[in-house]
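As given, the protein sequences belong to chains A and B, one line each in that order.
Numbering-wise, the first sequence is residues 1 to 291 according to our numbering.
Numbering-wise, the second sequence is residues 1 to 477 according to our numbering.
Honestly, the hints are just simulated from the structure, not real lab data.
Worth double-checking, as some hints may not be accurate.
[Claimed, not checked] Stretch by stretch, here's where chain A covers chain B in the computed footprint (C-beta under 8 Å, at least three residues):
1. 99-113
2. 125-133
3. 318-331
4. 430-442
5. 452-459
[Said to hold, decoys possible] SDA-like mimics (lysine to any residue), calculated; alpha carbons at most 20 Å apart, straight line:
6. A:K43 with B:G119
7. A:K258 with B:N115
8. A:K258 with B:R108
9. A:K228 with B:E110
10. B:K220 with A:P146
11. B:K469 with A:V52
12. A:K154 with B:E466
13. A:K258 with B:T449
14. B:K460 with A:P146
15. A:K68 with B:V114
16. A:K258 with B:E110
17. B:K220 with A:N133
18. A:K43 with B:V114
19. A:K43 with B:S476
20. B:K460 with A:S62
Note that beta-carbon positions come from the ideal geometry of N, C-alpha and C, so glycine has one too.
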Amino acid sequence: MKVNPYALKRNITGYLFIAPQLFFFIVFLVYPIFEGIRLSLFKISYQETTFVGLDNYKALFSDPVFVKSTINTVIFVVAIVALTVIFAIFVSSAIFDKNAKYVSFIRGSYYIPVMVSMVVMSMIWSFLLNPANGLIPYVMRELEMPAVNFLGNKDLVLPVIIFVTFATNVGQAIILYIASMIGVPRELFEAAEIDGASRKDVIFKILIPLVKPTTLYIIIINIIAVLKIFVVIQLLTGGGPNNASTTLMYFLYNNAFKYNQLGIASAVGVIMFVIALFLAIPQLRSMLKKE
Amino acid sequence: MLRKRLLIVLGFALVLFILGACSEEGSSSEGTTDSTEPSDTTESSEESSKEKVEISLWLTPQWKGVLDSSEDGADYDSFFNHAAEKFAAQYEEYDVTVNVEVIAAEQRDEMLNVNLNGGTPPDIFYESVFAMGDYAHRGALVPLNDIVDDEAKSDIASNYWDTVTFGDDIYFYPFSHMPGTLVYNSDMFKDAGLEDYVGGEEEIKTWELDEFETILNTLKEDVPTDKYSNAYPMGLYALNNQGDTWNLAYLRMFGNEFFDENGQIILGDENGAEAAAWLKDIYDSGLTNPGAESVSSNDVNAMFQNQQLGISFTNSVLYNNTLAAMESGDAPEFDARLANIPSESGDPLTFTYVTGSAVFDTGDETRIKVSKDFVKFYSSDPELVKASKNGVPVRSSVAEEFKDENPLFAAYDENAQYMFSFTGNVPGYNELRQVLYPELQALYTGGKTPEQVVEDYQAKGNEVIESSKEDSVIYSE
């Protein structure tokens, strides 16, 4: 590529203005990515660092807990993102054209859990679900219903975590959808009404296609957020029972901070980075594609 | 054109300013973490003749107050703050400031690993030795041989020194120890008609295994539900590694020795499987709290304090804290007494946590020296070592002094003959702890049979021990 000196001279002011931000971006985001890739090829102890090539990756793929956490993470991503998008579209399309005060009320109600810290939410859920002294098992016992351990049953623990995370996150998507749907030109709805379109047609043929950029954005940010799911796992289940609810981020955390296996943890980080890229690129491409 | 030049110059100035600010910040923060250079202080302030040194001391919650939890404003850091003041007042070489920080026990390894990798470990850590042994194996601690004198060696029995010695060197200065036992609600026992099984107030009651089973079954059937709603006979937990020593003890109930002479786990035999099957059996029969797989030891302890459990786990400090909470009105008052973990042979199972101080290798000779001097000071000062009565003193002189005030000291002493070493002094013990609870979860949820559980634990545990041996500084010496 030939550098055009004139263009460079003309744009240098702009580059200088973004330079400070670029500097921090490189130091705090780009450099750690490369450092993470480098560390994933080493075995690191307090006293020395030894190059081991791809041994960390080999160890990971033969570790059943890692495989389990990868599968769990994929289940979480697919289930939570799908639930969030479907439920948010359902709520927003039902209310976006109603009275402004009503819309604000609904929006506010769904948004409150988003404002509460995930730690607080997890503690509340833990108080509700704790099998020994939690509220829900207590009520169930009092009603003489069969004892169910929501956090200790390996078939139930994933749906419970999916529900908890979904309930906490969905407010964000609803806010974005309502804003986007309010922005859809009124004439389109009026024209559809004159043509005799039903509410269902309006939603599926006008509303959803027109808010597609919002849908893509919500999908991307949720995929990335759910890939990093950690707090709920740490506080509600500790990855249990018997690693049934462990995720990649939790696995990474355990290796990095509990077992002090920095090389292995970096390798997990690299794999997560690749998965995120792999999942986000098609979305980004279709988002950036010119109509 | 001029305007453009001006913008360029301004842009450069901005970048330089930011870079300059960063490097200044870097150098100033270095100044605060390291001890200040002698030349700096002598030049800048001639009045203060002593060089300033700042060290940090971390501890996990132990006892509250300087000597006693009944003191005003008693907290977990009271003792070390008091000791630091006293130390600074008499220390001649440096002007010392000690920053005391209390760390949640379940966060210890996270905090230490992050700070070790970042090059900012604390100078001193006060904790149970079993949880810190790995750091000695990893070469993160400095030996304390030079601060242990003959007086200390004669006052503290040799088995405590054995616990804190790794290879040839002493890595922890022992302060007190906390024997682990069971605790039971004797009021609940009496209400269920179990008077015959209640021991004395100053006794650690030993039950035979079949007596223990009778107690659990009677508690299940006969505890009056109007007085103790939602109560269970015994506390059982496996959410994480907290309180896992009791789980390890339960696994020895049928005679398994746990480690062989080479430091390998041997739980996978018949005795081990029998113990696991016994745990599964009492859990399935409703003799314990439900959901053990997702209940933590903290939950169990809270349930016991709320009279929702007949029998729970405790150690000497936890027991004192429970009694203190009752006395201060923070917890409902009832008669809590101690009992041993029973075994099939009839001999009780007992263990102790020796607690003491370790000094981290921060690379700063001055700080290491001051830290060692401080550790020696509070671990040997005749007044300060009295605080070890909150656990059980490792010093015979202190135990002797307080034996009338705390008659349980004699009971703990009596128990010592049944003591087993739960760590086996193996390297990688911290990671080994992470292997046990998932297996117990699999046991309680029915994911694995008792035989599979002990076999898988043995296989995974021995793998951890093997790989940790390779990295151990002490083994490689």
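Taking the hints in turn, this is what the structure says about them:
no., hint, verdict
1, 99-113, "holds (count 3)"
2, 125-133, "violated (count 0)"
3, 318-331, "violated (count 0)"
4, 430-442, "holds (count 8)"
5, 452-459, "violated (count 0)"
6, A:K43 with B:G119, "holds (18 Å)"
7, A:K258 with B:N115, "holds (13 Å)"
8, A:K258 with B:R108, "holds (9 Å)"
9, A:K228 with B:E110, "holds (18 Å)"
10, B:K220 with A:P146, "holds (18 Å)"
11, B:K469 with A:V52, "holds (18 Å)"
12, A:K154 with B:E466, "violated (31 Å)"
13, A:K258 with B:T449, "violated (28 Å)"
14, B:K460 with A:P146, "violated (35 Å)"
15, A:K68 with B:V114, "violated (26 Å)"
16, A:K258 with B:E110, "holds (6 Å)"
17, B:K220 with A:N133, "holds (17 Å)"
18, A:K43 with B:V114, "holds (16 Å)"
19, A:K43 with B:S476, "holds (17 Å)"
20, B:K460 with A:S62, "holds (14 Å)"
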